[in-house]
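Here the protein sequences come in this chain order: A and B. Counting from 1, position 224 in the first sequence corresponds to residue 223 in numbering that gives the first Met the number 0; the numbering is continuous, with no gaps. Counting from 1, position 55 in the second sequence corresponds to residue 54 in numbering that gives the first Met the number 0; the numbering is continuous, with no gaps.
Please note that the accuracy of each hint is not assured.
Stated by the list, open to error - Okay, the calculated beta carbon distance ranges per label pair:
| hint | chain 1 | residue 1 | chain 2 | residue 2 | range |
| --- | --- | --- | --- | --- | --- |
| 1 | A | G130 | B | R84 | 34 to 44 Å |
| 2 | B | D38 | A | G239 | 36 to 46 Å |
| 3 | B | V57 | A | R79 | 46 to 56 Å |
| 4 | A | R62 | B | R135 | 21 to 31 Å |
Claimed, not checked - According to the in silico footprint, chain B covers these stretches of chain A (three or more CB under 8 Å from chain B):
| hint | segment |
| --- | --- |
| 5 | 81–87 |
| 6 | 95–103 |
| 7 | 125–132 |
| 8 | 196–207 |
Unchecked claim - Partner residues aside, some chain B positions facing chain A, computed with beta carbon under 8 Å:
| hint | residue |
| --- | --- |
| 9 | P81 |
| 10 | R84 |
| 11 | L141 |
| 12 | Y142 |
None of these hints come from the bench; they were simulated from the model. Ideal Cβ placement from N, Cα and C applies to all residues, glycine included.
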Amino acid sequence: MTTVPLPYRVTAVSAETADCVSLEVTPVGRALPEFSPGRFAMMYAFGVGEVPISVSATGDAHRLVHTVRAIGAVTGALCRLRAGDVIGLRGPYGTGWDLDAAAGSDVLVVAGGIGLAPLRPVVRHVLGHPGHYGGLQVLIGARTPEDLLYGAEPEHWRRASAQVEVTVDRPGPGWHGSVGVVTTLLDRVDWRPDRTAALLCGPEVMIRHTARALLARGLPARRIQVSLERNMRCGTGHCGHCQLGPLLLCRDGPVVGYDRAQPLLAVREL
Amino acid sequence: MTGWPLLLDTLPQVQRDRLFTLADERDFRAGSTLFDEGDVADRFWLIRSGEVALDVYVPGRRAQVVETLGPRQQLGWSWIFPPYRWHLGARALGPVRTWEFPAAEVRELCMADTELGYELMLRCAALIADRLQATRLRLLDLYTPHGSVPS
């Protein structure tokens with residue numbers, strides 16, 4: 000792990016939604032170590048600042064993909080990048096998804112909004128390792144149909160044997176799919192609490208309610224992993240901005256077992 | 000998960016059988032209207048397959064879909080309380096297969112068999128609570144951008 004940003008060149012920019020882009024970057028010189036699903040990089044827009052962004056495609060140390068949503072000065076600058084521009088990257092940071100713990104089980108992925116980005120490598124990994132896992136169910140919630148990420152890729156997952164259900168909060172005139180919160184999809188797919196590992200990412204409120212719904216249906220907390228949102232600044236566990244009780248989420252997270260996270264999330268201010 | 004509708008998921012077999020003596024299988028074509036807002040709520044359905052959109056009539060606009068229901072879910076709870084009128088409309092998004100239950104007979108059965116009635120009402124109350132909670136969560140507009148976090 001390096002704490003000095005390495006230069007990476009943008010090789011492709013894909014507009015995902017009105018305010019999200021996927022940036023494919025390759026190292027100008029030395030490459031960072033390979034990222035595993037769920038881990039993140041500190042992305043530095045020169046002269047503007049840096050932000051933590053999870054990797055949204057893994058498997059090639061010389062080609063990283065990050066999906067960025069323009070919500071502030073730094074992410075706005077990242078979203079305005081063009082092919083050929085250079086940024087700084089350091090990492091990989093964080094814990095990542097424990098896919099070994101899910102081996103042999105069905106995998107239930109629940110993503111809200113841009114929470115699908117850190118889970119996309121999980122879906123690809125599970126589909127790419129038939130026999131290592133049982134079934135794969137992917138539940139996706141978004142604000143509107145226009146906010147859904149990755150175009151036709153979920154349809155490819157469906158064709159590759161995953162059960163994929165999508166729901167939106169606000170349907171447009173052309174939307175014929177599901178409407179409602181993502182938790183309502185839990186009863187639409189075929190999963191069993193005695194043989195499932197669940198991976199959740201999205202707004203923390205969504206995570207809490209989804210985890211509670213899973214617990215109510217008999218899935219033990221130790222079989223639930225959550226990726227938590229906190230104010231990460233340094234990525235190395237030193238500045239303390241991302242503290243959640245005893246955890247520094249940039250170092251001890253963002254992926255945490257729900258058996259550990261549940262009591263911490265119940266505290267309003269830590 | 001079992002294959003039973005959620006309303007009946009953990010209901011003892013004997014009570015489930017008693018309830019099913021009142022049920023009819025009923026299918027709906029894609030696009031058909033199951034009920035309109037304000038209609039008499041004289042029945043309810045357990046969805047076996049297909050999806051149903053619940054909507055609200057907005058003058059000057061097309062009906063706004065507020066929620067969709069799918070397999071194993073219960074369609075309708077307005078039949079439980081007077082004045083027994085639907086609060087929303089319901090349309091079949093595709094071919095829909097259901098079990099249809101007559102409301103008055105189910106209420107009578109609940110009165111006659113209070114143990115079954117209690118169990119059934121507990122499940123209906125849980126359903127109503129779930130829908131209320133889901134509505135509140137959507138009002139929060141959870142996916143609005145906020146803060147600097149790994150995306």
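Can you list which hints this structure breaks, lowest number first? Hints 1, 2, 3, 4, 5, 6, 7, 9, 10 are the ones this structure does not satisfy, whereas the remaining hints hold.
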